[in-house]
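First to last, the sequence lines map onto chains A and B. The working numbering applies: residue 1 is where the first sequence begins, and numbers increase by one. The working numbering applies: residue 1001 is where the second sequence begins, and numbers increase by one.
Honestly, the hints are just simulated from the structure, not real lab data. Predicted, not measured: the structure shown is a model, and the values here were computed from it. Please note: incorrect hints may appear among the correct ones.
Cross-link-like lysine-lysine pairs, in silico, BS3-like; alpha carbons within 30 Å at most [as the list claims (entries may be wrong)]: (1) A/K127 <-> A/K235; (2) A/K126 <-> B/K1058; (3) A/K157 <-> A/K119; (4) A/K274 <-> A/K316; (5) A/K323 <-> A/K307; (6) B/K1045 <-> A/K323; (7) A/K127 <-> B/K1006; (8) A/K157 <-> B/K1006; (9) A/K126 <-> B/K1045; (10) B/K1006 <-> A/K19; (11) B/K1028 <-> A/K127; (12) A/K126 <-> A/K173; (13) A/K19 <-> B/K1058; (14) A/K119 <-> B/K1028; (15) A/K316 <-> A/K19; (16) B/K1006 <-> A/K119; (17) A/K127 <-> B/K1058; (18) A/K14 <-> B/K1058; (19) A/K127 <-> B/K1045; (20) A/K173 <-> A/K127; (21) A/K126 <-> B/K1006; (22) B/K1028 <-> A/K19; (23) B/K1045 <-> A/K173.
Label pairs and their computed distance ranges (CB to CB) [claimed, not checked]: (24) B/C1047 <-> A/P50: 42 to 48 Å; (25) B/G1031 <-> A/A251: 31 to 37 Å; (26) B/G1023 <-> A/L375: 47 to 53 Å; (27) B/G1031 <-> A/R238: 30 to 36 Å; (28) A/R300 <-> B/K1028: 49 to 55 Å; (29) A/D163 <-> B/E1077: 40 to 46 Å; (30) B/E1090 <-> A/Y241: 23 to 29 Å.
Where a beta carbon is used, it is the ideal one built from N, C-alpha and C, also for glycine.
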Amino acid sequence: MDPSEVKYEAPLTKHLFRKATSRGMPLSGTIEVSPVCNFNCRMCYVRKSPQEVAAGERRMLEVGDRLRIAAQARDAGALYMLITGGEPFLWPGFCILYEELVRSGFLVTVNTNGSLIDKDTVEWLKKLPPVRLNITLYGASDETYGRLCRSPQGFTKTAAAVDMLRAAGVPVKLNCSLTPENAEDLEAMIAFAGERDLIIEVNTYMFPPVRRCGSGKTEDFERFTPEEAAYYHIKRYRLQYGEERYADFLAGLRDGCARIEGLDEYCTDPLDGKVSCRAGKAAWWITYDGLMTPCGMIDRPSVDITKDSFAACWEKLREETDKLRLSGVCQRCESRSVCHSCAAMAYAETGTTEGIPRYLCKMTREMQRLAAEYLRAKEL
Amino acid sequence: MLRACKDVILREIAGEYILVPAGEAALKLHGMITVSESGYVIWQKLCEGDCSEGELVKSLCAEYEVDGETAAADVREFVCRLSELGLVSEVAADAPCEGAV
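Only chain B is shown next, with the shape it has when bound in the complex (with noise of 0.2 Å):
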């Protein structure tokens, strides 16, 4: 499963989708990113809770009209990218949410 970090906002700012660091992701991040409106749909629905590739690719297919390949071509690439900035994470299945006592 896929999980996004908690330190990171997605705000809107003048047509242009970013997510904005907030906690000690600063420090890896040094500043902000810009995410497609691909991108976007992932963030919001990795924001909604762990999810897997598949789930990702499924919303994304929802939102736009592209075929399946197209999609999870355009997922592995948003996660890969997204991992190395350690903005998402593989977690397990039955792992407890961040900040769950």
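The following block holds chain A by itself, in its conformation from the complex (with noise of 0.2 Å):
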């Protein structure tokens, strides 16, 4: 596998997301259809039950409203569109949305858990294929299905999606979040991936859930140490790509100039102390709820999509990201190139933008010290 192929852009794909942060363009968007899902994910940032969603103070999206957004998104010129969760195969309305998105011309991406995509499901898609599904693998085994997703035959039904989806064509792509409760299964789920030939982006970085906590709040919140998480995120990529590569990343992080895959795939690493990602630039997101923000992983600024068109939230947005400030700590960091903190992990790590997001510190310090360790060792 090659590292380049798992945050592979097209040139076509740039150059229009080029054009539309200098034109102010929303290109690409995601609907969070529901936050309601079949897994119950220790590490999840938006999970909730269909109870606290009837007891929430704001209402969920109906079809009917979701459809009025995104055709005047498509007014504004949308053409990516990402369709996320909870599970959106679980909501009664995806079936609907989805055929409308594709038949009105967006590139429809879809994030999903695998589980109950079946044999009809499958058909279904082949008529009107995403461009992508990006199934989320848990583990590698139903024991770790149960026991960090509370779904005990969970990897059975993903992998046997998995497996259909690829004979009928549909593109798939495979994404991880490494924890604590599935990290002894990397190196099976590195190669469920291998076998089928599938791309798979390991994440060891966990969001603390500002959404379902409130930001800055990194307690009682499971997920790997720093000094893990750089661990795992270097021993993930020597599983992924062999020694040779391996070396070449270690020797990049050691000397500082390794580019670190952000973990969102339109991210960037910011360089002028503004949001220079293209989140409220050229991307936007709506909440399950009728919110929209720069980001999924952050809950401001944002902008009640239910009050106005969605020309005018997305002006506003705009205006609002533009505020946002990044720590000049972090500017100046002679780290910077290493580590890939962005606003949303600042805010979502410490409660502000210009926070010093003190967790990716010790993670990239741990990663270039095992880094020089090794390289060491091999005389290198």
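Combine both chains into one complex, guided by the hints.
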């Protein structure tokens, strides 16, 4: 597997994003259809039960609301659309929304856990295929799925769906969120992807669940220590790409010039104190209850899309995003080109985009230490 | 006669004309393609209904100040490229429309 495949963007896509960013066009959107999920993952940033949704202050958007939003987004120049959840295939309006988005000329990607995709769903997807299904792989056994996702047959179902989709020619990418609960399956998950010739993107950094618990609250949240996240980040690279590339990767980390791939496929490292990824510049996110935000990992700035048109909300969001500032310490940090911190991470970790996300500092330092140690032992 | 694949949608995004596959065409195309302004005119004409290469040349000449020979070469190249991608096909003059009962 080639590392560049994980974040590959066609030249035309890059070209469109450059134009959209300079023009302030909402080229890429995410519609979060529901926070409800048949899994109950320990590290999830959004999951809610149907009862919690019903008791919420804001109502969940209906299919009609989303169709209206999509039509207005299309008129404003949106092309790329990600449908996410919760679990999208669990939401009753999913098929209607998906078909309408594809038929009206959006390039649609769907984030799913894959466990609800059966033979009939595959046949339906074959007729109206997405650009890609991003299936999250949580482990390589039902035991791990039971422990992490509280879904004791989750792996069997997900693996069956992956194989059916592949046989039907529907494009699939695997995403893996690595945590203490599934770390021992890392090698087996990478092998699972390799045997099927699928791209797998492994992330060892988990955002604190701002939207469930509030920003800056990282206690009682099950994730790796920064040192463990660093260790597994490096380990997964070795397992995925082999010894030769691994040594190059470590040399880049040690020398402070390795580009760590971001956690969102549209993110790039900030350079000038402002948010410089595409969030709020060419990309937007609509939460299940109708708030437009720059990115799903944070809860503000946000604009209520139930109160105004898509175009008006987008303009407001752009203005608000432009006001966000990042830490000056981060901007001047010598590990800037190795660390992958962004505005959303700073906000989630500290409660403000201007805060210093110490977890990421520690993770970066540990990656550099491990890299230097390995290279020294190998006399490289 | 030439027929455009019904599963493709023409969109203008940030000043670019783009053909977006929507349906089984996506399994072959894997993404989208850009077309030039003349390609845009040709595709629009094809979307109005089946037509011959000659009719496409005529519509191109009507839209732009271009001689017939140049327009014919443009049409040929465009049709060839899109045929390779399965987005344009040759049909008999009296072939029923796709989806017709």
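Checked hints:
{"no.": "1", "hint": "A/K127 <-> A/K235", "result": "violated, 39 Å"}
{"no.": "2", "hint": "A/K126 <-> B/K1058", "result": "violated, 38 Å"}
{"no.": "3", "hint": "A/K157 <-> A/K119", "result": "holds, 12 Å"}
{"no.": "4", "hint": "A/K274 <-> A/K316", "result": "holds, 17 Å"}
{"no.": "5", "hint": "A/K323 <-> A/K307", "result": "holds, 22 Å"}
{"no.": "6", "hint": "B/K1045 <-> A/K323", "result": "violated, 46 Å"}
{"no.": "7", "hint": "A/K127 <-> B/K1006", "result": "holds, 13 Å"}
{"no.": "8", "hint": "A/K157 <-> B/K1006", "result": "violated, 35 Å"}
{"no.": "9", "hint": "A/K126 <-> B/K1045", "result": "holds, 29 Å"}
{"no.": "10", "hint": "B/K1006 <-> A/K19", "result": "holds, 29 Å"}
{"no.": "11", "hint": "B/K1028 <-> A/K127", "result": "holds, 12 Å"}
{"no.": "12", "hint": "A/K126 <-> A/K173", "result": "holds, 16 Å"}
{"no.": "13", "hint": "A/K19 <-> B/K1058", "result": "violated, 33 Å"}
{"no.": "14", "hint": "A/K119 <-> B/K1028", "result": "holds, 21 Å"}
{"no.": "15", "hint": "A/K316 <-> A/K19", "result": "holds, 20 Å"}
{"no.": "16", "hint": "B/K1006 <-> A/K119", "result": "holds, 26 Å"}
{"no.": "17", "hint": "A/K127 <-> B/K1058", "result": "violated, 35 Å"}
{"no.": "18", "hint": "A/K14 <-> B/K1058", "result": "violated, 35 Å"}
{"no.": "19", "hint": "A/K127 <-> B/K1045", "result": "holds, 26 Å"}
{"no.": "20", "hint": "A/K173 <-> A/K127", "result": "holds, 19 Å"}
{"no.": "21", "hint": "A/K126 <-> B/K1006", "result": "holds, 16 Å"}
{"no.": "22", "hint": "B/K1028 <-> A/K19", "result": "holds, 27 Å"}
{"no.": "23", "hint": "B/K1045 <-> A/K173", "result": "violated, 37 Å"}
{"no.": "24", "hint": "B/C1047 <-> A/P50: 42 to 48 Å", "result": "holds, 44 Å"}
{"no.": "25", "hint": "B/G1031 <-> A/A251: 31 to 37 Å", "result": "holds, 34 Å"}
{"no.": "26", "hint": "B/G1023 <-> A/L375: 47 to 53 Å", "result": "holds, 51 Å"}
{"no.": "27", "hint": "B/G1031 <-> A/R238: 30 to 36 Å", "result": "holds, 31 Å"}
{"no.": "28", "hint": "A/R300 <-> B/K1028: 49 to 55 Å", "result": "violated, 43 Å"}
{"no.": "29", "hint": "A/D163 <-> B/E1077: 40 to 46 Å", "result": "holds, 41 Å"}
{"no.": "30", "hint": "B/E1090 <-> A/Y241: 23 to 29 Å", "result": "violated, 46 Å"}
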